[in-house]
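Given the coordinates of chain A, assemble chain B onto it according to the supplied hints.
Protein chains in written order, with my numbering: chain A, 1 to 138; chain B, 139 to 276.
If you're looking for bench data, these hints aren't it; they were derived computationally from the structure. Just so you know, these numbers come straight off a predicted model, no measurement behind them. Among these hints, one or two may not hold up.
Reference listing, derived: stretches of chain A covered by chain B, where coverage requires no fewer than 3 residues with Cβ under 8 Å from a Cβ of chain B [unchecked claim]:
| # | segment |
| --- | --- |
| 1 | 5–14 |
| 2 | 26–36 |
| 3 | 103–113 |
Partial selection, computed: residues in chain B whose CB lies under 7 Å from chain A [stated by the list, open to error]:
| # | residue |
| --- | --- |
| 4 | 144 |
| 5 | 145 |
| 6 | 170 |
| 7 | 228 |
| 8 | 231 |
| 9 | 238 |
| 10 | 239 |
| 11 | 240 |
| 12 | 247 |
Sample of chain B residues lacking proximity to chain A, with all beta carbon distances greater than 12 Å (derived) [stated by the list, open to error]:
| # | residue |
| --- | --- |
| 13 | 158 |
| 14 | 185 |
| 15 | 196 |
| 16 | 209 |
| 17 | 211 |
The beta carbon of each residue, even a glycine, is placed where N, CA and C say it ideally should be.
Number of protein chains: 2
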Amino acid sequence: METWDAIRSRRNVRSYSERAIAPEDLDRILEAAWRTPSAGNQQAWDFVVCTDREQLAQLARVFRAASHVARSAATIALVAPKSDDAQMRDLIQFDLGQATMSIMLAAADLGIRIPAPRRRARYGWSTSSTRRRAMRSS
Amino acid sequence: METWDAIRSRRNVRSYSERAIAPEDLDRILEAAWRTPSAGNQQAWDFVVCTDREQLAQLARVFRAASHVARSAATIALVAPKSDDAQMRDLIQFDLGQATMSIMLAAADLGIRIPAPRRRARYGWSTSSTRRRAMRSS
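This is chain A alone, in the form it adopts within the complex (with noise of 0.2 Å):
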């Protein structure tokens, strides 16, 4: 798909059907946000795939805006380091942020739709206990 195409068809969505995602799809999702640039280059992210229907279902309930989660094909978790340190906490968002947008635009490229990650859910993600949390639905 033309970028500008996936640009302006990106949408934001919560209702899916039940329709596996290709794993050759989601490895170019996750290229996608590996690719991303990060402050200094520092990469504080880690990207978990998530696709087992009972563990899609406990990762929904992580926070209460996620329950779309539940139903979705495959939810790609970012989870970072939690930081007390103002600054380092700026750069990881904003590097969460740009990493989202890649994310967004190369499912949006292969016709998969997307929601906008709810905001307060991606706090939940970022905690130490949801990290540990996370890394069990991978």
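Just chain B, lined up with the frame of chain A:
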């Protein structure tokens, strides 16, 4: 350009040709910016394009790591409110990251190479005093 080619061809560069960027190309890059999703659709951002050589030189002095701005054909300053609320600050940083990625990919699609922002520079631009300074450059 195919989306995947844009994602793969995006590179950080800090040396530039003398060639001006066509106004319609700048418009397209800005449209990609404002099409970016934001937390609660708050769009807490202004995108300020600077193409005037003297104003670019002034903008380059906003932060010590921004010297390449002076040599750019155009620079887009992302101007956002400053917040002391940690959660709001996270949301803003995340959204600015998403917008930056949109801008970079839209530019890559047009064959325009741009650097990822130096992060400290971005902080400078986010302050209210710099907001005034950046706005005067528009």
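Exercise. Which numbered conditions among the earlier hints are violated in the structure presented, ordered from lowest to highest?
Worked result: none
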